[in-house]
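Chains as they are written, first to last, in our numbering: chain A, 1 to 331; chain B, 1 to 331; chain C, 1 to 331; chain D, 1 to 331.
In short, the hints are calculated from the structure, not lab data.
Careful: at least some of the hints might be erroneous.
Identical copies carry no separate label here, and so any pair may be met within one copy or between two of them.
[What the hints assert, rightly or not] Simulated crosslink set (EDC-like; lysine to aspartate or glutamate; CA at most 20 Å straight-line):
id	residue 1	residue 2
1	K112	E75
2	K112	D285
3	K160	E46
4	K165	D105
5	K102	E320
6	K165	E46
7	K165	E239
8	K3	E320
9	K252	E212
Residues per chain, in single letters:
There are 4 protein chains.
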Amino acid sequence: VSKTRVTVVGATGYAGAELVRLLENHPLAEVVAVTSSRLAGRPLDEACPWLSTGLVLQELNLDQVEGQIVFLCQETGFAMGCARQLTSRARVIDLSADFRLKDQDAYETFYKRVHSDPTLPAVYGLPELVDRNAIASAQLVANPGCHPTAALLALMPLIKAGIAKGVPIVDSKSGVSGAGRSRTEVGYLFAEADNNFKAYGVAMHRHTPEIEQMAGVHVRLTPHLVPMPRGIHATLYVEMSEPTDLIDLYEKFYRGERFVKIQQNEPSTKQVLGTNVCAIAPFYDPRTGLAVVCSVIDNLVKGAAGQAIQNMNLMIGAPENCGLPESGLWP
Amino acid sequence: VSKTRVTVVGATGYAGAELVRLLENHPLAEVVAVTSSRLAGRPLDEACPWLSTGLVLQELNLDQVEGQIVFLCQETGFAMGCARQLTSRARVIDLSADFRLKDQDAYETFYKRVHSDPTLPAVYGLPELVDRNAIASAQLVANPGCHPTAALLALMPLIKAGIAKGVPIVDSKSGVSGAGRSRTEVGYLFAEADNNFKAYGVAMHRHTPEIEQMAGVHVRLTPHLVPMPRGIHATLYVEMSEPTDLIDLYEKFYRGERFVKIQQNEPSTKQVLGTNVCAIAPFYDPRTGLAVVCSVIDNLVKGAAGQAIQNMNLMIGAPENCGLPESGLWP
Amino acid sequence: VSKTRVTVVGATGYAGAELVRLLENHPLAEVVAVTSSRLAGRPLDEACPWLSTGLVLQELNLDQVEGQIVFLCQETGFAMGCARQLTSRARVIDLSADFRLKDQDAYETFYKRVHSDPTLPAVYGLPELVDRNAIASAQLVANPGCHPTAALLALMPLIKAGIAKGVPIVDSKSGVSGAGRSRTEVGYLFAEADNNFKAYGVAMHRHTPEIEQMAGVHVRLTPHLVPMPRGIHATLYVEMSEPTDLIDLYEKFYRGERFVKIQQNEPSTKQVLGTNVCAIAPFYDPRTGLAVVCSVIDNLVKGAAGQAIQNMNLMIGAPENCGLPESGLWP
Amino acid sequence: VSKTRVTVVGATGYAGAELVRLLENHPLAEVVAVTSSRLAGRPLDEACPWLSTGLVLQELNLDQVEGQIVFLCQETGFAMGCARQLTSRARVIDLSADFRLKDQDAYETFYKRVHSDPTLPAVYGLPELVDRNAIASAQLVANPGCHPTAALLALMPLIKAGIAKGVPIVDSKSGVSGAGRSRTEVGYLFAEADNNFKAYGVAMHRHTPEIEQMAGVHVRLTPHLVPMPRGIHATLYVEMSEPTDLIDLYEKFYRGERFVKIQQNEPSTKQVLGTNVCAIAPFYDPRTGLAVVCSVIDNLVKGAAGQAIQNMNLMIGAPENCGLPESGLWP
């Protein structure tokens, strides 16, 4: 079998390095180039001693990018400047927020910058909730954010069933790796973040419009920082127009989905650690008429690198779960 | 100065031991007896090697309890059997749930047992929200639960102002010590709980009626387990009948309160570690019309032993903040 | 390709479940049966919600054990009672200590029990340090302990070179999963073990004779408990008879080994998380004449389930690294 | 009682802020000024939201320093430039390494800088091991390092008894706060340091000569980073010239000492969290002839701010334990 050749741009960050790690076990794809602007020329394993590859970091050269698939794993704001050029040579999966929002006003409001290429077509790559054919044939896929992935997979069955009322509330909790590897700020130091829990971005968080774009309603998103490296737990509160058997509703909605697991017990973030799985437990509370839905993912897998590979699998015609773990690392 | 003499019943659990620790620095009270049914006769410091006292654990003898104040730090279900007898000899502060609820049906529904002494009068000891004179003159104080303390201090300014609508949502997150020291179950093992986050008791949590009793409305409480030993962070979502300057509202509501700190930035659980402080940051979200209120306490201090001492101070006529730290242990 | 069929005895403990997880990605072996005495009849994924298998737990039936390979993942003391019978039907890899020690006196002294089957032949399965042909042809393999694996891989190059003097000191640090999943004792509770570090078993630890058996000298082993779920870091101090270029010595000793990585920088336990790799950094300290050697493994992979699979690979003629990750889960 | 007035220079770092916190409960001293070069003019509680003081940060003015005692809590290299001038106006306790070493060659070798004021007299402030009168009358006290405090308290009873042979080994493990609050490097990020354990500075660590200066022999010090905010655990290995009852030896050596606790069980770092106590468990291993001594402190209290206050108490004639906690924060 000839493998799809892949370039990872920004391979020393958490999402980029996780892509390299996961793709080592992918039978139908291989990483042929890894880039870093700061560390070009150095072995990847030097910057990322947990990786065992022979790869050497390169400068990104937009005219000579290698392979059929390019993963962009840079900060938001980078992809908009190179995606158009890259898509003329390869198919691109962007893990930043640059191409997720259709509404440029929302982009400018929430990301505080002007978009330099707002007309480049991109498909939002959340396979369980969008047209898979669109992903399969896309030249540019916008890989979803981590909070939106956990939130939307929990929310959309209620929205689509037409039984959600009011403003859905998404109380979301994230491991610290969500801040990225280059955010060396005092608040992310171990000594400060350990044994600590707090909300952040309460006034306005960037992932809000991404959820609203698909949900079609205003939502209230509050992210929190959990003293653990990985994982997202979203707790949703949705007013219901009528009592509903939610387990049944969700099981039907996700029938046949490999990466969504509906369960009766509260899920834990660690049960999906290292996997591409989203585990969801929906509860109907008759005292208050609310649906309370718990949803967990690994923010770096289903919330980033794993979902990017899931999209790649669709694009290259591989089985959707190819190379993607379903059993978690425990304890 | 002659010190008030105090007995701690159940001194080897987390709340009991924290009482002993805090009272060591109390200028107007001293622990004269500590009890444990399992370890009577052994030095307290053997069961709790972090304590430096000369105290020896005793059997609880209801007829000879020492001191003017007795703190009951046993599991819910214990106090109802001895509080009446104890209150004939001393004044009692019960840290369990036995005397918090006025509605016995709620007690039976949520605690799954019949109350054996439902008519014994008790005052709910949340000083910032109840009549301090009632606490000061009480023979039996029911010390509030940890989730309710964080939730009610955040919620009541909105309720009292008459601007709250609908069902307040309390998304509460607790450190693992909330489970107690005797819950040696697999789910509380370090290897299982570390690097993990999950909700628990979603269907129905015991602290719900305690919040509702004071709030006067139905609330939706969802507790979660955070991989840290101590701390509670409650995030509240309350529909507002009108836009409001919440900082101003909360500052006025808690003017003069020593242990409530209103702040503009998101509070962190660690900022109040080891203190009797509740730090609250209220946000009004104009996009959704919701108040989003973040509230943090140390579950073993303001959520248990510290608040118990605050109540004791009122009862013995000491300054309310006597012996109670206001600066946190960091990092 | 027909896959080797495998039974995992004691599949709900940490080592057993890790075997199931790792074998899911093994191209030449498959788990056909999992046993649990306590939970027979229940789905494996119910006891281990992080696993995604369709396997149902069975009672162990020694007369009908399935497959060519049986992994015994029970507490020490179990295997001695059934290994002889099992080896008449299958090849057995025992992850307990029952067959590691040749000296029965040492077994009785350190494990406080009499061995019921001391004459059953077993091969000590540490592939990098023993005759691989012996493992390949063994009917019973004694899989090494976690502390001994990290210690011996670091120590033996010095011993074999004949430059070690005196009593080697092994200061070893282990994540809490080393205690196992069934040790629900107060000291292993999250609230007690988090934010905490301590030595244990200083007077005498069971893994001491296992190291001494191979090293041929007395060693001093002191294990410590680290507030993390997984990982072992052994720091060795060995008096040297002469100054030596240790990097060169170790690289030559382990030339061609896939799972031993010699490095100049201090290794971290997380760099090998989830992998079968032992990373070693040897330092020569000219001020004191000591070799200081740092050695890290994942206690549940190279220290248990991964090394067991490495042994299985040798036994079934598969490539030694088949199905065993070399890149770690980070962060 | 008129309180001793105190200035804390560098109050926003971990040691400085811990001084402020501890001194709030000191009956005989009060902080009257806090300085920060970067944040002068801002409230201390803004930089340190866990503190509840009304103090405002100032620029350090060497000509107008307030109070009788000045604590210098800056990086090593700062104190040498101002201590002479400060000691003409106040008594100074320096928490850096600038005045700990008598041997300037060692200072230059280990700290990689030339000392600008090597002749200024200073007393090494480890009260249990030096002449307390010298501390009491000193104008400049060099507060010991954290690793040396844990190591020396464990080592000196053996040295003084004349039963130690060879090179004592100090395998020391530190919580991450030891790196300080301003070391915002990738390796100290929560996501990197959590669930991780590693050695650092193995080739040569700065605290080595500080231990050797008092011990009078070469020692081998290897520090490690533990995924916890606070605490040091030193494990010492010392060859013994003869079998010795170490518990008896240590108890006699430290008889009457308030802050040294000799115990038979392995101590844990958490048992001394927030206290000024050093807990030591000495073991004699007859198999190897080694003393194995475990020693724990809170690196920010007995290893920094607490010991500084202990020295201040001696200097101002207060009881040595005044304002210093002996019971730990648990869990």
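Could you figure out if K165 and E46 sit no more than 20 Å apart (CA to CA) within one copy, between two copies, both or neither?
Answer is neither; intra-copy 52 Å and inter-copy 34 Å both fail.
Alpha-carbon proximity between K165 and D105, which holds within one copy, between copies, both or neither at 20 Å
Cα proximity of K165 and D105: none, with 26 Å in one copy and 32 Å across.
For the identical chains here, do K3 and E320 meet the 20 Å Cα criterion within one copy, between copies, both, or neither?
This pair counts as within: shortest intra-copy Cα distance 15 Å, inter-copy 24 Å.
Cα distance capped at 20 Å. Does K112 pair with E75 within a copy, between copies, both, or neither?
The answer is within: 14 Å in one copy meets 20 Å, while 37 Å across copies does not.
Within, between, both or neither: how does the pair K112, D285 come out at a Cα-Cα threshold of 20 Å?
between (39 Å within a copy, 19 Å between copies)
How do K165 and E239 come out at 20 Å by Cα distance, when the copy is not named: within, between, both, or neither?
both (5 Å within a copy, 14 Å between copies)
Alpha-carbon proximity between K102 and E320, which holds within one copy, between copies, both or neither at 20 Å:
neither (26 Å within a copy, 50 Å between copies)
Cα distance capped at 20 Å. Does K160 pair with E46 within a copy, between copies, both, or neither?
Answer is neither: 48 Å inside a copy and 30 Å across each miss the 20 Å cutoff.
Within a copy, between copies, both or neither: which one fits K252 and E212 at a CA-CA cutoff of 20 Å?
Close neither inside one copy (23 Å) nor across copies (35 Å); limit 20 Å.
Against the hints set out earlier in the document, violations occur for numbers 3, 4, 5, 6 and 9.
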